[in-house]
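So the sequences go chain by chain: L and U.
The numbering of the first sequence is numbering that gives the first Met the number 0, which starts it at 0 and goes up by one.
The numbering of the second sequence is numbering that gives the first Met the number 0, which starts it at 0 and goes up by one.
Worth flagging that the hints you see were computed from the coordinates, not collected in a lab.
Built from N, CA and C at the ideal position, the CB exists for glycine as well.
Some hints here could point you the wrong way.
Over the 12 Å line for every Cβ pair with chain L, so calculated as not near, a few chain U residues [what the hints assert, rightly or not]:
(1) 60
(2) 89
(3) 98
(4) 100
(5) 101
(6) 124
(7) 170
(8) 254
With a cut-off of at most 25 Å between alpha-carbon atoms, the simulated DSS-like pairs for lysine-lysine come out as follows [what the hints assert, rightly or not]:
(9) U:201 x L:65
(10) L:159 x L:123
(11) L:65 x L:203
(12) L:65 x L:159
(13) L:159 x L:117
(14) L:203 x L:117
(15) L:123 x U:201
(16) L:203 x L:123
(17) U:201 x L:117
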Amino acid sequence: MFTQVPFDPTLPEFGGDEFARNPESRCPVVLLLDVSGSMDGEPLDQLNEGLRTFQRELQSDSLAAKRVEVAVITFGPVQVLTDFQTVDRFVAPDLVAQGDTPMGTAVSRAMQLLEDRKATYRDKGVAFYRPWIFLITDGVPTDDWEPVAAAARAANDERKFAFFAVGTEGADFRVLNRFTSRDALRLRGLDFRRLFVWLSSSLKSVSHSQITDEIRLSDPTSGPQGWAIV
Amino acid sequence: MSEHVAPTWIVAAASVQGTAHVLNDLPCQDASRIEALPDGWLLAVVSDGAGSAIRADAGASTACGGVAEYVQRAFDPSAAGADDLERLLTEAVGVAADRIRAQASQEGLAPRDFACTLLVLLVGPERSAIAHIGDGAIVARRGDVTGVVSWPVQGQFANETDFLTDDLALVRMNLQPGLPALDMVALFSDGLQHLLLDYAAKGPHLPFFERHFAAIAERPRMPAELASARLATYLASDSLRARADDDLTLVLAVRALG
Numbered sequence: 000m001f002t003q004v005p006f007d008p009t010l011p012e013f014g015g016d017e018f019a020r021n022p023e024s025r026c027p028v029v030l031l032l033d034v035s036g037s038m039d040g041e042p043l044d045q046l047n048e049g050l051r052t053f054q055r056e057l058q059s060d061s062l063a064a065k066r067v068e069v070a071v072i073t074f075g076p077v078q079v080l081t082d083f084q085t086v087d088r089f090v091a092p093d094l095v096a097q098g099d100t101p102m103g104t105a106v107s108r109a110m111q112l113l114e115d116r117k118a119t120y121r122d123k124g125v126a127f128y129r130p131w132i133f134l135i136t137d138g139v140p141t142d143d144w145e146p147v148a149a150a151a152r153a154a155n156d157e158r159k160f161a162f163f164a165v166g167t168e169g170a171d172f173r174v175l176n177r178f179t180s181r182d183a184l185r186l187r188g189l190d191f192r193r194l195f196v197w198l199s200s201s202l203k204s205v206s207h208s209q210i211t212d213e214i215r216l217s218d219p220t221s222g223p224q225g226w227a228i229v
Numbered sequence: 000m001s002e003h004v005a006p007t008w009i010v011a012a013a014s015v016q017g018t019a020h021v022l023n024d025l026p027c028q029d030a031s032r033i034e035a036l037p038d039g040w041l042l043a044v045v046s047d048g049a050g051s052a053i054r055a056d057a058g059a060s061t062a063c064g065g066v067a068e069y070v071q072r073a074f075d076p077s078a079a080g081a082d083d084l085e086r087l088l089t090e091a092v093g094v095a096a097d098r099i100r101a102q103a104s105q106e107g108l109a110p111r112d113f114a115c116t117l118l119v120l121l122v123g124p125e126r127s128a129i130a131h132i133g134d135g136a137i138v139a140r141r142g143d144v145t146g147v148v149s150w151p152v153q154g155q156f157a158n159e160t161d162f163l164t165d166d167l168a169l170v171r172m173n174l175q176p177g178l179p180a181l182d183m184v185a186l187f188s189d190g191l192q193h194l195l196l197d198y199a200a201k202g203p204h205l206p207f208f209e210r211h212f213a214a215i216a217e218r219p220r221m222p223a224e225l226a227s228a229r230l231a232t233y234l235a236s237d238s239l240r241a242r243a244d245d246d247l248t249l250v251l252a253v254r255a256l257g
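The following block holds chain U by itself, in its conformation from the complex:
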């Protein structure tokens, strides 16, 4: 195939517990995974456990782990057309849902006790794909255009959304297997969507993404763990605490050529 050196990704990912969760004695119910795949592909997964589900934290981490481990095992960069990615993501999400069901029955609980949302992004040198259930959002930059790739799926009302554990989750899932390659991506949980999406303009809040994409694009050699720790410090800062009391998760990835 192509001769060029596979592009790599500069990444930072963090989840912090919301103040409302601290007050109500709830654990952080968000989880994320980010994995480098062969030939310059990247996988990013975010899951947000429902505040009302008693094992939501386990649901979110099982969901992220289930998707990540399946994709790492089954992904083949030489078979990464839209049809292949559609099948891969559908299977990966199905595996994650099955794992949650198995865990629920092991613990004598119902799957909805593990209710969580799911955001999955696969991005490679020439194309990308997403799968999304529930709220949270994916924003990306391609060339000089930044846009919302996937909006929060909202129910009829503000406190309702879809979950991976719903019977119709895979039917209602927003699956887009044929997207073009993306240069910079951000995945975030619903605690941030009110701050990072502009609902009236129906687009991303550009100043935030310009600043934060640039922040990591300028540091191609930064160690991901340290950058992630710094991102966590930012997410836990007073500036964000004053505006959002939910758990917050943000994954940022920027393609570095060369």
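Excised from the complex, chain L in its bound form:
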């Protein structure tokens, strides 16, 4: 490809470390987690364990740790548990079950949080990857969710963000499929751990991608990594 050139005073000296120090590109992801009363017990224990796996997996990857930014919103009531921060500073929360399932309000809050974050990126000249919203629920919305679902679906189709909806046993998949044109995924049992391994490895691929790469995610419904049934 190139050849070593011996020192020659008639040739130019290239080198030095005079590079711009631009911030790393960011890959924002919102975890939108249902902590309604019905999640109490085993489901929430598994979800908490999954979050710790997520933290561990992403922190073990130095580039992902600097590029992936996680925000956590729980519902209900809707609460921004942690605003966007890079994974190297992320600490998996310990979720406690409470309240009902205001899914519409929660999704709306997530979209707002993302818009604010994008404005900050643009202001600071930070490049960013397509954001992800990752919704996990076991129930049916208890609020006025339909207008929000339509807005989320439209934004997903305009590729403003990628919206993933995951339901456990008891979730209403017809409702979930209204939020995104991507098929909602049904969690196999309570295998949150495998879900978060998949999510972190997908985010690693995105955060390692070149500016012009297209990312193909591994299929969550098949193979040893599979955690979902369609």
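Got chain L; can you put chain U on it based on the hints?
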């Protein structure tokens, strides 16, 4: 026309394969061409093949070759007004895109399998022109001012950009046919843009360009091949490897009077 001796250019150009490409068993998908034209004009072309396109390396080299060969054939220094340059560059880019389409259909593939970006600079004694599709950037110095002539065209997100093979590429192309003459120019692919552009200050990272423009300006008699080989060694050095894992292409040209 003018009586003075046509200025010539001191040049160095190199592409090196990125570490990510080595790991993923991808070839170097960047290409460049640099050609001296009559009456002190210079043509520089850089193309960066998309990592996700299977024949991106062929796309990049066909793009550079298509533009260079068309301009060498059609360029007329006595008709080099802004309108002439606009037509010339539009045609040259169109020819390059057509060649890629022909090659794609020959191989039974889609044009997007050859997806690549394109940076073209034509610079003469009194004026210059650029055409740019996608990411990568052009930085130039005129008098004592160094600035970004063309910024990376970025899509909505960090991993999206425009390609020569897009349907709307020529519509979305940044075409500037009426630029003044430039004394020193640098074209580079997206693997370097994070290091050589200061996004917060919205300008070039000056220390790099001051050093590297000076490095070749001080060596008016250097043979381009040897200088280019040395530039390639630098682009492949640990100092750059630690900061960029993509393919890297850098073209440097400095006007030498006399």
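Now the hints, each set against the structure:
| no. | hint | result |
| --- | --- | --- |
| 1 | 60 | 14 Å, holds |
| 2 | 89 | 24 Å, holds |
| 3 | 98 | 21 Å, holds |
| 4 | 100 | 20 Å, holds |
| 5 | 101 | 23 Å, holds |
| 6 | 124 | 24 Å, holds |
| 7 | 170 | 20 Å, holds |
| 8 | 254 | 15 Å, holds |
| 9 | U:201 x L:65 | 23 Å, holds |
| 10 | L:159 x L:123 | 19 Å, holds |
| 11 | L:65 x L:203 | 11 Å, holds |
| 12 | L:65 x L:159 | 22 Å, holds |
| 13 | L:159 x L:117 | 10 Å, holds |
| 14 | L:203 x L:117 | 20 Å, holds |
| 15 | L:123 x U:201 | 10 Å, holds |
| 16 | L:203 x L:123 | 23 Å, holds |
| 17 | U:201 x L:117 | 18 Å, holds |
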